[in-house]
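A.B. asks: Quick note, the sequences are listed as chains A and B, same order. Going by the working numbering, the first residue of the first sequence is number 1, and it counts up by one from there. Going by the working numbering, the first residue of the second sequence is number 1001, and it counts up by one from there.
In short, the hints are calculated from the structure, not lab data. Among these hints, one or two may not hold up.
Stated by the list, open to error - Derived CB-CB ranges, DEER-like: (1) GLY1197(B) / ASP228(A): 39 to 47 angstroms; (2) GLY1197(B) / MET204(A): 24 to 32 angstroms; (3) ALA242(A) / ASN1056(B): 42 to 50 angstroms.
For every residue, glycine included, the Cβ atom is placed at its ideal position computed from N, Cα and C.
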Amino acid sequence: MKEFIEGSRAVAEAVRLCKPGVISAYPITPQTHIVEELAQMVAEGSLNSQFVNVESEHSAASVVLGASATGVRAYTASSSQGILLMCEVLFNIAGMRLPLVLTCANRAISAPINIWNDQQDSISMRDAGWVQIYAENNQEAADMHFIAYRLAEDKNIMLPVMVCMDGFILTHGIETVDIPKQEEVDKFLPVYSPLYKLDTATPMTLGPLVGPDYYLETRYAIQETHKDVLTLLPKLAADFKAVFGRDYKNLLIEEYRTEGAEKVIVAMGSVCGTVKTVVDQMRAKGKKVGLLRVVSYRPFPYQEVYQALKDIPKVAVLDKSVSLGGYAPLAVEVKAACYGKKKTPKVISSFVAGLGGRDITVESIEEIYRRLTTKEVNLDFIDLKPELLKEKYGQ
Amino acid sequence: MDNKPLFIAGHTACAGCGQSLAARLVIEAAGANTIVANNTGCLEVFSTAFPESAWNVPFIHSLFENCAAVASGVEAALKFLGKKDTTNVIAQGGDGGTADIGLQALSGMWERGHDILYVCYDNEAYMNTGIQRSGLTPFATNTTTSPIAEKSFGNPRPKKPMPEIANAHGIPYVATASAGYPQDIQRKVKKAISIKGPKYIQIHVPCPLGWRHESALTIDVAKLAVETGLYPLIEYENGKLTARQIQPKPVEEYLKTQGRFKHILNNPEAIKQVQEVADRNIQKYGLRLEKSA
């Protein structure tokens, strides 16, 4: 049923339809509306779930870890500092091959403290072993939760999935979202039946000490599984379309008006909506521009990204996070995807924008297309205020 | 029920390890219908080195400080599955994982009222990493991070009062126990398991390597800690205190058994301060056995 609702509400409805047996969370802006909605559903009895209010994000992640290890579908959500506080537990969850789903309401990292959107939190967890998929709008954010559980719990995958949605822009944005029927979700997402669990009938030890004789293979296995995720995501997109009617192509990348384009912006998340608007406006004026949206950041679809970009002369990568002291995280991957190939874009320029909630406007995107010339630029910050950079301290 | 041991031989604990002894007593008392969540530490390391495991019950180790939260998730999942009434959940860790880095998660577990028994194996320092002081290291103890030198005569602070902190949470059962009193450990575990809600048992477990005593003396050393009043055996049931009575021995009898206190044996002022710790315990918990007429 189509409803005009907040993104957080849409996600909470989707999570309810996934029937998690245990939910645990700690409040942090802008994730709060999601878990408030879920707490309300549990309180009203419309969601049969154990809701565990914890004293930190570290414990929220640990509670869902324990619940998942006991064979129950579990859910948590967080943001920003909460994701960082969870960090070691997130690595642990992936290492233990527990099929958890976490919603990351993307937000900037302190200091300075800032509650607004960028993608530094989830990007900082890129090496944790989690699958990371980035939603462009609220329909996709909601739908990604059905896909996330189906993917995570696949017997050949057994990896956690982080659904990333831009804080405020999506979590607090109100859009029309089609909330599916329970029967549809049940058809797409089977009841969770774990391969291994904590069960007194069949005692087993989870999380043992593993020495040099075995550790390397555990990490290799996760790396190999990420390749399988790249194969499975397009199949899940097809299954999803068959049940729900919505077409997410391959869930790896989305190409928007890239045919014959001379300039393409590569980006992730909600900013892609703005880029599409600019692309339409510029195309209407005869400018050959397009967008490549990366949907899956982990695993990174190197092959698909390369295929989409190989004939594009000029590529701009727009990052909403930084790897301070190094190249920007999305730009690194795009360049790696094209490295060593015979046919590649002539220019791959890297732009950083929107940190700490600085609006990325239509003008910001137009500026990126303008600065995307034959001269490659790296780490070009968009919408910097030079007047704020003049003052030097300690001099 | 078969009589299969729940914590089997063949693990790699040191000779005379008080923690391995206590851990076996705890799980055997709790029984086969128990799931264990364990913090990182000696116990997890010496009992689960892949591909072997000493545990014949479901056992999960995640991280150093989160077993109370992991166990909370296990308990919540069991509730969801309708299996909680037939399954015990034990969370356990060492003194560092309990009183220092894991205290926040443990406080959360208590406050939320989970039906979980938390067991702290208190060997009074970070033994797994090589004898660094923790919040449960006693006053004047020589450890690698509270060493003996011109400006230091060991750990400057007394033990963090964990049983009091637990009791202040209003949980239904708090107890201390000792590797020197095996039957008492098992009685307390069985009692704790029979009570719904969060429970806390802190067991004094000598570490021959870290305390520097002969490995054959583990039980004797543990007993002396109780007999001097330095490790009172107490229970709080719904806040009501009962304690094991003693005819207190002077603290030197305990201190002289261990290398970690060797440096204060010729220091009357330091011994006096340790005696004051014991005397406060004796006073506070009413430990002194009154001679019957």
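A.B. asks: Each hint: holds or not?
C.D. replies: Evaluation of the provided hints:
1. At roughly 44 angstroms, the beta-carbon separation of GLY1197(B) and ASP228(A) lies within the given 39 to 47 angstroms, and the hint holds.
2. Look at GLY1197(B) against MET204(A): about 28 angstroms separates their beta carbons, and that is inside 24 to 32 angstroms.
3. Judged by the Cβ atoms, the range 42 to 50 angstroms given for ALA242(A) and ASN1056(B) holds: they are separated by roughly 46 angstroms.
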